[in-house]
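Please build the complex by placing chains B, C, D, E and F on the supplied structure of chain A, with the hints as guidance.
Given next are the chains, with one letter for each unit.
Protein chains: 6
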Amino acid sequence: MTKDIKNFKKFREKMNKIILDTDDKNIKRFFALDNRIYENGALDKKTKELIGLVASTVLRCNDCILYHLDQCYQEKLTDEELYEAINVALIVGGSITIPHIRYIFEMWEQFKKS
Amino acid sequence: MTKDIKNFKKFREKMNKIILDTDDKNIKRFFALDNRIYENGALDKKTKELIGLVASTVLRCNDCILYHLDQCYQEKLTDEELYEAINVALIVGGSITIPHIRYIFEMWEQFKKS
Amino acid sequence: MTKDIKNFKKFREKMNKIILDTDDKNIKRFFALDNRIYENGALDKKTKELIGLVASTVLRCNDCILYHLDQCYQEKLTDEELYEAINVALIVGGSITIPHIRYIFEMWEQFKKS
Amino acid sequence: MTKDIKNFKKFREKMNKIILDTDDKNIKRFFALDNRIYENGALDKKTKELIGLVASTVLRCNDCILYHLDQCYQEKLTDEELYEAINVALIVGGSITIPHIRYIFEMWEQFKKS
Amino acid sequence: MTKDIKNFKKFREKMNKIILDTDDKNIKRFFALDNRIYENGALDKKTKELIGLVASTVLRCNDCILYHLDQCYQEKLTDEELYEAINVALIVGGSITIPHIRYIFEMWEQFKKS
Amino acid sequence: MTKDIKNFKKFREKMNKIILDTDDKNIKRFFALDNRIYENGALDKKTKELIGLVASTVLRCNDCILYHLDQCYQEKLTDEELYEAINVALIVGGSITIPHIRYIFEMWEQFKKS
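The listed protein sequences derive, respectively, from chains A, B, C, D, E and F. Taking the numbering used here, I'd label the letters of the first sequence as residues 1 to 114. Taking the numbering used here, I'd label the letters of the second sequence as residues 1001 to 1114. Taking the numbering used here, I'd label the letters of the third sequence as residues 2001 to 2114. Taking the numbering used here, I'd label the letters of the fourth sequence as residues 3001 to 3114. Taking the numbering used here, I'd label the letters of the fifth sequence as residues 4001 to 4114. Taking the numbering used here, I'd label the letters of the sixth sequence as residues 5001 to 5114.
The shape of chain A in the complex, shown without the other chains (with noise of 0.2 Å):
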């Protein structure tokens, strides 16, 4: 896994750490419902991880497109369907969302050569 990558989740988990030992109840319990709703069930994980990708790229976000991406990748996700499902976020959501498109492709390089 290339650096940035690594980094990123470092630097999540620390995080994400000191967020859920805080012992916030209401924190934790979205957390909890965070992980859960990506589950398998009558969508596939990858299919919701696909929605959750496209989703976090029209509300443009770096650091959820990174998390899905990855979710993505270890779901075998093809390059085919990485671009039709990025097809949508961008005639969705428009050119504004072309940034953060560039980003999906150029980490979609490294989880390739991780």
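Rather than coming from a laboratory, the hints here were simulated on the basis of the structure. Bear in mind that the values here come from a model prediction, so they are computed numbers and not experimental data. Errors might be hidden in some of the hints.
One-sided and incomplete, this derived list gives chain D residues near chain E with beta-carbon spacing under 7 Å [what the hints assert, rightly or not]:
1) Met3015
2) Asn3026
3) Lys3028
4) Leu3033
Non-contacting residues of chain A with respect to chain E, defined by C-beta distances greater than 12 Å in every case (computed) [said to hold, decoys possible]:
5) Phe11
6) Asp21
7) Ile27
8) Glu39
9) Glu75
10) Gln110
11) Lys113
Restraint-style ranges between C-beta atoms, simulated for each label pair [unchecked claim]:
12) Lys5009/F - Asp4023/E: 28 to 34 Å
13) Glu39/A - Asn5040/F: 51 to 57 Å
14) Lys2003/C - Lys1028/B: 42 to 48 Å
15) Asn2016/C - Arg1012/B: 38 to 44 Å
16) Asp23/A - Ile1018/B: 56 to 62 Å
17) Gln74/A - Arg1012/B: 50 to 56 Å
18) Glu4109/E - Leu1020/B: 52 to 58 Å
19) Phe1031/B - Asn5040/F: 20 to 26 Å
20) Lys5025/F - Glu2106/C: 27 to 33 Å
C-beta: ideal position from N, C-alpha, C; glycine also.
Chains B, C, D, E and F in isolation, oriented as in the chain A frame:
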């Protein structure tokens, strides 16, 4: 089909005709591309429309929701698949999406009755 | 209570019942958490509802505004407190929030008359 | 002028009067500044209102759109200028802006008929 | 004070000076109003800054978050008050706010160490 | 040209090449349309780029801002025209746009020095 959905479709069709009758080439190109992107490919139309539905929900646009929900209905989306997609929209977009999720449930009932 | 607010509450209640009757556990969990978060704690309910009102205003969601405004009214928010919270929403969110601020004033009058 | 636009203007005027009658100085200052900014200067009023129209479209606020469209109409914006500005809104903001672009076309017809 | 926060403050101060030195009267008026709105009134400064913090979080602007968090820190906001305000931001704005909530926790640690 | 702008341009060019090399036809069509829309027409290129700049500012995308600012600079936009366009972005989009307005000023200085 119930009256609400019929009215929306009629208004949508009428306005799209007015817009495309202006002979503005760039608008025509955008609208053509907007149709092409949801066609069957590496991802099937149903998955793409479902992605479009969640993107519309987190961006909170009822007219866009109704359009994609109609497409999902025609693609035989099941109740359980819809609920799980809504879960992703709700967790990603937060309680601010709830009024739009109420709208999805309201319109879904109408499609099923029609 | 005036008719507009009554209708909104009836629709809201009816749709929430339909949503929760689906027995989708994740939606139930989200809705339960959404209620819990505004309870008295280190911050009192009034302050939390006021924060919810401003968040709904800058995110420009009238249904969310009406819900939190109702809660604020029940928590005895004064006119002056409301105006100062609106000031923050207006300066942070810009003139794009003005239609929603008109809505707050319109509904506030209705709550005070009811 | 058609009835829809007249009603909007009447409601807008009535609510702005209520808001400004509260004697909240900061709201008054914001509203005054909001008017001042669109006056003729290095950029003429027509260009500024057109910029305001596109900003309102990508932020997806129909009331703001109607206000700026009215100003553009009074400043003798041509159809072709309007269509090209809409092109920018559509490409930047994506298909999520289409319902608002339908609204612009619908209202523009009303202004031209009035 | 840690280096990150110091750097941000220095950059912010430098750029605000450049902006205000342009002698553009409308920008000056906006900046003046932006300061005035958070002063003690019917709501105290602490509550207003906390509202500003949550508004900045749901609108997902880290620089705005850092500014209001600093003000909250100076107004002696407690950890528990901060967590409960974050709860509201998280439930209203959804998981898309989580990277900004990580940032709040990271910076809050820095303020407390400083 | 300063190093920051040069780096951005190089990264942008490199990533766009990677994206267009995928041979995904819909992305190519979107990118082609995105270029065509800003060409001289009923509105001149300078006005369109200025509209694109303000749209990018209220939607808060620094990469989009830098692109349009560069185009505006090449179209000989004056300081006063820039300030007045910024005024519209600031009043419409609110204080949440201020970090992006700081960025505009910072980059504008760099273009003028280059």
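Pairwise beta carbon distance, Asn2016/C to Arg1012/B, judged against the given window 38 to 44 Å: violated (29 Å)
Is the nearest CB of chain E more than 12 Å from the CB of Phe11/A? violated (8 Å)
Can we confirm that no CB of chain E comes within 12 Å of the CB of Lys113/A? holds (24 Å)
The hint says 52 to 58 Å between Glu4109/E and Leu1020/B; measuring C-beta to C-beta, is that right? Hint holds: Cβ distance 56 Å, inside 52 to 58 Å.
Cβ separation of Asp23/A and Ile1018/B, checked against the hinted range 56 to 62 Å: holds (58 Å)
Using the beta carbons of Gln74/A and Arg1012/B, state whether their distance is inside 50 to 56 Å or not. At 40 Å between Cβs, range violated.
CB-CB spacing for Glu2106/C and Lys5025/F relative to the 27 to 33 Å hint: Given a distance of about 49 Å, which is not inside 27 to 33 Å, the answer is violated.
May I ask you to check that Glu39/A keeps its beta-carbon over 12 Å from the closest beta-carbon of chain E? holds (15 Å)
Between Lys5009/F and Asp4023/E, does the beta-carbon spacing fit 28 to 34 Å? Roughly 32 Å apart at Cβ, these two residues keep to the hinted range, so it holds.
Should the interface hint for Leu3033/D be scored as holding, given a Cβ-Cβ cut-off of 7 Å against chain E? holds (5 Å)
Holds or violated: Lys3028/D as interface residue toward chain E, Cβ cutoff 7 Å? Given a least distance of 10 Å, the restraint on Lys3028/D is violated.
Status of the stated non-contact between Asp21/A and chain E (beta carbon gap over 12 Å): Label violated. Min Cβ-Cβ 10 Å, cutoff 12 Å.
Checked against the numbered hints listed earlier, the structure breaks hints 1, 3, 5, 6, 7, 15, 17 and 20; every other hint is satisfied.
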